[in-house]
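Keeping the supplied structure of chain B fixed, place chain C upon it in accordance with the hints.
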Amino acid sequence: MLILGIETSCDETSASVVKDGKEILSNIIFSQEVLHRQFGGVVPELACRAHLESILGVINGAVIEAKITLADINAVAVVNTPGLIGSLLIGITAAKSLCLALNVPLITINHLYAHIYANNLESGAIQYPAISMVVSGGHTSLFLSESPTRHTLLGGTIDDAAGEAFDKIAKILDLGYPGGPIIDKVARQGNPSAVTFPRSYLGIDSLDFSFSGLKTAVLYHHRGQDMKKAPTKVSSDQEIADIAASFQEAVVDVLVGKIALAARMYPARCVMIGGGVASNSRLRQRLKDKSAEMGIPAYYPTSRLCTDNAAMVAGLAYVKYSEGDVSGLDIEAIP
Amino acid sequence: MEEKEFIFESTDVEQTLRLGNLLGTLLAPGDVIALVGELGAGKTTLVKGIAGGLGVTDKRAVKSPTFSLMHRYEGRTPIHHFDVYRLKGTQEMFALGSDEVIYGDGVAIIEWADKVPECLPEKYLEITLSLVSNHERTIKLRSYGEHYDKMIDTIKTTKQLF
Chain B
335 MLILGIETSC
345 DETSASVVKD
355 GKEILSNIIF
365 SQEVLHRQFG
375 GVVPELACRA
385 HLESILGVIN
395 GAVIEAKITL
405 ADINAVAVVN
415 TPGLIGSLLI
425 GITAAKSLCL
435 ALNVPLITIN
445 HLYAHIYANN
455 LESGAIQYPA
465 ISMVVSGGHT
475 SLFLSESPTR
485 HTLLGGTIDD
495 AAGEAFDKIA
505 KILDLGYPGG
515 PIIDKVARQG
525 NPSAVTFPRS
535 YLGIDSLDFS
545 FSGLKTAVLY
555 HHRGQDMKKA
565 PTKVSSDQEI
575 ADIAASFQEA
585 VVDVLVGKIA
595 LAARMYPARC
605 VMIGGGVASN
615 SRLRQRLKDK
625 SAEMGIPAYY
635 PTSRLCTDNA
645 AMVAGLAYVK
655 YSEGDVSGLD
665 IEAIP
Chain C
42 MEEKEFIFES
52 TDVEQTLRLG
62 NLLGTLLAPG
72 DVIALVGELG
82 AGKTTLVKGI
92 AGGLGVTDKR
102 AVKSPTFSLM
112 HRYEGRTPIH
122 HFDVYRLKGT
132 QEMFALGSDE
142 VIYGDGVAII
152 EWADKVPECL
162 PEKYLEITLS
172 LVSNHERTIK
182 LRSYGEHYDK
192 MIDTIKTTKQ
202 LF
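As you go down the protein sequences, you meet chains B and C in turn. So in the working numbering, spot 117 of the first sequence is number 451, and the numbers just go up one at a time. So in the working numbering, spot 16 of the second sequence is number 57, and the numbers just go up one at a time.
Check before you lean on any hint, since a few could be wrong.
Derived lysine-lysine pairs resembling DSS-like cross-links, with alpha carbons at most 27 Å apart [said to hold, decoys possible]:
| no. | chain 1 | residue 1 | chain 2 | residue 2 |
| --- | --- | --- | --- | --- |
| 1 | B | K622 | B | K519 |
| 2 | C | K45 | B | K505 |
| 3 | C | K181 | C | K45 |
| 4 | C | K129 | C | K181 |
| 5 | B | K401 | B | K353 |
| 6 | B | K505 | C | K156 |
| 7 | B | K505 | C | K129 |
| 8 | C | K164 | C | K45 |
| 9 | C | K181 | C | K197 |
None of these hints come from the bench; they were simulated from the model.
So here's chain B without its partners, still in its complex pose:
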């Protein structure tokens, strides 16, 4: 069974053809970053406009790369929640149109569940129940997963998402954008115990997250006592690397700590992560160490499947379709 997946919930326009929920025949990801390079930064930044301009080309690209024709598609899957309303609508409208034209069923997908499913695309038989975490620029959510389609939210951020914290700390340290990969790289040269930044656990059995206080603490440390002024002394590269490493350690401590706590509170047979921050090398290493200590496997997708992509959408759609969960063409975007 061939499913065409469409993902437009945030900054990336993506389309993919996946066979039987497992075999990725194509996975085209068109990001704003690419737009920038191509058009020298004159294209409006706003996601919905960019999606509108790229969606048809991306879908076409996915079909061609899969070496099939549109007529071979058996179903169309699209992310309808959560995301930017304008961006979601572009993907949904494209998906509905294709379903009408091709007379195939429509399957709606939750963006967060798709991120978790990225693990199923690459790993064999994942044992449930699992503790799953989606960690990205816009989300930090912890789930108890009983199957690829059944997830119960256990906790989430009460202020900033983890990826947002990475971006903002990179900005404070003047390291550039996007912050996640840059901090990951710079932190390798730094000492993670150089600075003790606060870890916010929000209570001994809380599964929620807070990264706002950490952001302020890093700012305070970097700027010194007088916050009204810009930093008076210029930090050396080593000092910046130490701050980056110490910040990253504080985030990873909390993320891994909460995953482990959830895996103890619920009888988890494995843990898995997804979303952009899941490609952070320190998080991957620490999660692996922790899971070895707990005696259960840990899964994380390859980097390309951590970022927003449609293969995870088309993959999960196969499971939903097999369960008979098909949508009508009257579905709406739920931001």
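Coordinates of chain C only, in the frame set by chain B:
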């Protein structure tokens, strides 16, 4: 039109939340609040307080909209919480449909409002937050419009904050 100003020295997060809470109780549908202040200044924290004052009971409802650009919360009036941090400027804000919301029926709160001055209506309340120390913040309220003058007067005379 003369602007009114009120400067509040907040000693901790709790006080910032209380100020937001009080402000929230004074807001009416159609009101617009422009928030200004650098990373970590406490803009989202203040919005948490405002939302509480507007009747949003779920303490987890208010989160940073940096990535999603806008959040909507249901209080006694709808609250539209914008974060313009990722936007390049006014045009993108208009493309987002900000006009419909800012000139609509709910309360609109805009973080990083200084990046999109043309999107603000004639009358609004501007709040500038600046860092003093790890916990202390200076919060400056400035009114543009009579309706907001009164709001500042009420806040000034409310002793519970101090």
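Status of the hints after comparison with the structure:
1. B:K622 with B:K519: Holds, at roughly 19 Å.
2. C:K45 with B:K505: Violated - the C-alpha atoms of B:K505 and C:K45 are around 34 Å apart, more than 27 Å.
3. C:K181 with C:K45: holds, 10 Å
4. C:K129 with C:K181: holds, 25 Å
5. B:K401 with B:K353: With Cα atoms ~12 Å apart, B:K401 and B:K353 stay inside 27 Å; holds.
6. B:K505 with C:K156: Given pair B:K505, C:K156 holds - Cα atoms ~17 Å apart, limit 27 Å.
7. B:K505 with C:K129: Distance of about 15 Å is within 27 Å: holds.
8. C:K164 with C:K45: holds, 12 Å
9. C:K181 with C:K197: With a Cα-Cα distance of about 12 Å, the restraint between C:K181 and C:K197 holds, given a limit of 27 Å.
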